[in-house]
Amino acid sequence: MGVGIEVNLLNAWYGANHTLEDITLHIPANEATALIGPSGCGKSTFVRCLNRMHETNPIAKVTGEVKVGGVDIYSETSAVEVRRRIGMVFQRPNPFPTMSIYDNVASGLRLNGFRVRRVLDEVVERSLKHAALWEEVKDDLKKKSGASLSGGQQQRLCIARALAVDPEVLLMDEPASALDPVSTAKIEDLIFELKSQYTIVIVTHNMQQAARVAERTGFFLNGKLIEFDSTHKIFTNPSDKRTEDYITGRFG
Amino acid sequence: MASQLQSSRINRRWRWFANHMATVLAVGATIAVIAPLVAIFLDLVYKGASSLNWNFFTKTPAPVGEMGGGMLNAIVGSAVLLGVASAMGVPVGIAAGIYLSEFGRGTKLSNLVRFTADVLNGVPSIVMGISVYALIVAPEKTFSAFAGGVALGIMMIPTVARTTEEMLLMVPHPIREAALGLGVPNWRSVLSITLKTALPGVITGCMLAFARVAGETAPLLFTAFGNPFVSTALNQPIEALPLQIYVYALSPYDEWHRLAWAGSLVLIVLIVVSVALVRLVTTRGVLKGAS
Numbered sequence: 001m002g003v004g005i006e007v008n009l010l011n012a013w014y015g016a017n018h019t020l021e022d023i024t025l026h027i028p029a030n031e032a033t034a035l036i037g038p039s040g041c042g043k044s045t046f047v048r049c050l051n052r053m054h055e056t057n058p059i060a061k062v063t064g065e066v067k068v069g070g071v072d073i074y075s076e077t078s079a080v081e082v083r084r085r086i087g088m089v090f091q092r093p094n095p096f097p098t099m100s101i102y103d104n105v106a107s108g109l110r111l112n113g114f115r116v117r118r119v120l121d122e123v124v125e126r127s128l129k130h131a132a133l134w135e136e137v138k139d140d141l142k143k144k145s146g147a148s149l150s151g152g153q154q155q156r157l158c159i160a161r162a163l164a165v166d167p168e169v170l171l172m173d174e175p176a177s178a179l180d181p182v183s184t185a186k187i188e189d190l191i192f193e194l195k196s197q198y199t200i201v202i203v204t205h206n207m208q209q210a211a212r213v214a215e216r217t218g219f220f221l222n223g224k225l226i227e228f229d230s231t232h233k234i235f236t237n238p239s240d241k242r243t244e245d246y247i248t249g250r251f252g
Numbered sequence: 001m002a003s004q005l006q007s008s009r010i011n012r013r014w015r016w017f018a019n020h021m022a023t024v025l026a027v028g029a030t031i032a033v034i035a036p037l038v039a040i041f042l043d044l045v046y047k048g049a050s051s052l053n054w055n056f057f058t059k060t061p062a063p064v065g066e067m068g069g070g071m072l073n074a075i076v077g078s079a080v081l082l083g084v085a086s087a088m089g090v091p092v093g094i095a096a097g098i099y100l101s102e103f104g105r106g107t108k109l110s111n112l113v114r115f116t117a118d119v120l121n122g123v124p125s126i127v128m129g130i131s132v133y134a135l136i137v138a139p140e141k142t143f144s145a146f147a148g149g150v151a152l153g154i155m156m157i158p159t160v161a162r163t164t165e166e167m168l169l170m171v172p173h174p175i176r177e178a179a180l181g182l183g184v185p186n187w188r189s190v191l192s193i194t195l196k197t198a199l200p201g202v203i204t205g206c207m208l209a210f211a212r213v214a215g216e217t218a219p220l221l222f223t224a225f226g227n228p229f230v231s232t233a234l235n236q237p238i239e240a241l242p243l244q245i246y247v248y249a250l251s252p253y254d255e256w257h258r259l260a261w262a263g264s265l266v267l268i269v270l271i272v273v274s275v276a277l278v279r280l281v282t283t284r285g286v287l288k289g290a291s
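One line per chain: the protein sequences are A and B, in this order.
If you read the first sequence in our numbering, its first letter stands for residue 1, the second for the next number, and so on.
If you read the second sequence in our numbering, its first letter stands for residue 1, the second for the next number, and so on.
Keep in mind the hints are simulated off the structure, nothing from the lab.
Fair warning: this is a prediction, and the values are worked out from it, not measured in the lab.
Built from N, CA and C at the ideal position, the CB exists for glycine as well.
Treat the hints with caution; some may be incorrect.
Stated by the list, open to error - One-sided and incomplete, this derived list gives chain B residues near chain A with beta-carbon spacing under 10 Å:
hint	residue
1	40
2	65
3	105
4	106
5	108
6	109
7	162
8	172
9	182
10	183
11	201
Stated by the list, open to error - A few chain B residues that don't get close to chain A, going by computed Cβ distances all over 12 Å:
hint	residue
12	47
13	49
14	189
As the list claims (entries may be wrong) - Label-pair distances were calculated between CB atoms; the ranges are:
hint	chain 1	residue 1	chain 2	residue 2	range
15	B	230	A	138	56 to 64 Å
16	A	77	B	126	55 to 63 Å
17	B	107	A	125	18 to 26 Å
18	B	112	A	77	49 to 57 Å
19	B	67	A	143	53 to 61 Å
20	B	236	A	117	28 to 36 Å
21	B	83	A	58	34 to 42 Å
22	B	200	A	77	35 to 43 Å
23	B	105	A	119	31 to 39 Å
24	A	143	B	27	35 to 43 Å
25	A	166	B	36	40 to 48 Å
Chain A with its partners taken away, still in its complex shape (with noise of 0.2 Å):
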């Protein structure tokens, strides 16, 4: 099941340039939340704060507080224990081009030391129907790479991996940016099927996209949350200027 996201007061720093301020916003569990904003915004960065994955850039700082299912993941947990129970899809598909189709999606379990055969048989397999992938790719699953597959399909062997360690929350990192209009869209069906058990966290450009899966949406702009509102209230009746600037395309 998914769990809810509390941020306060996050602030966040790449080297003397300060990329996010002073935000706080709360995420409920199991549902779909947007984020939209032009191009260096601060949303990215923002989901990278919600698993730790900032901090990887040596020139990064961050202060503040996240506390996922009730966890401050700063001060409460390691790094590595918060990324395995927060999962991550990436802009562009990362698949591991020198493992098979089976052993990127057992990946994650694998390099955290699991092992058992039968156990991992099944969590790929439910892994890759859940990604809406297994039907394309069961007959080749240990014999092609993961490189080997179309962008589309690469996307959703990422998900897949992502789901395989079992995941309480999903960031989405403009997962659809690099598709084609049929991919995106599957990609999006897979949205709306995941949030029924996963809280799932979704940057994107497309305000269309952020329409059509998302129940909260968050507007980014130079670094500050100007908007948080169900998506339903973001695109028909904002209550800041600047969010009615962005979504109607006067800016950005």
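With chain A's structure known, arrange chain B on it following the hints.
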């Protein structure tokens, strides 16, 4: 309109010329690279093949004046020396390369290590021999296979370390992020994902270093020293193919000259065969579509 067509025809002719010019230059450069290798190999076959027979691989050297005899001692000795060298140079080199690329990026220590490796790469091999003589042979009061292996091993380190670093840097950043994003500890991600992805290139680096030291004579003069008998003991002097070729080539005897040619041919073939074998073993089981 007509003049435009005219000029485009001239353009087309010029493009045809430039295109074929570039092809000719590229082919010429390729031939210039390959020709010396082929020439050396043909010369070796011409002068050495006639002295190659079963005895060459099964007998130790015959006394001066006697016909026959072989280089079994040198073939075994080279294998032992290269084994010791690889056991030392490959792990240390790869570990240093991993440090340079994955852990020490931008730190003072890594810059120092990189600089040291580059200087070490430029140290004349005879100096390496003398250093190891002072460090191991003099205190132990005996020439030994171990000392020879260490001299060659040290020479392998910079090549292995720098190619490992370069190959790891070529692994795309998103691949590392994917592993970290799954909750894999950094050390595990480096070994099981980054290094594994870069492995073909890393192995090429190791083989380059191996092939280079396999032909070294100078670092062995004061360390392995040479041995007319078959020996595998690490604490005894040992023969090596380049060492024996060196001694035979400088000798005044025609029979030894012929054996030196044959030894050179065997050395080159052994290097090529071992490089090909490692390639074959390590590229087995590569998946369809893997990059």
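Any hints from earlier that this structure breaks? Give me their numbers in increasing order, please. 1, 2, 5, 6, 7, 11, 14, 17, 18, 20 and 25
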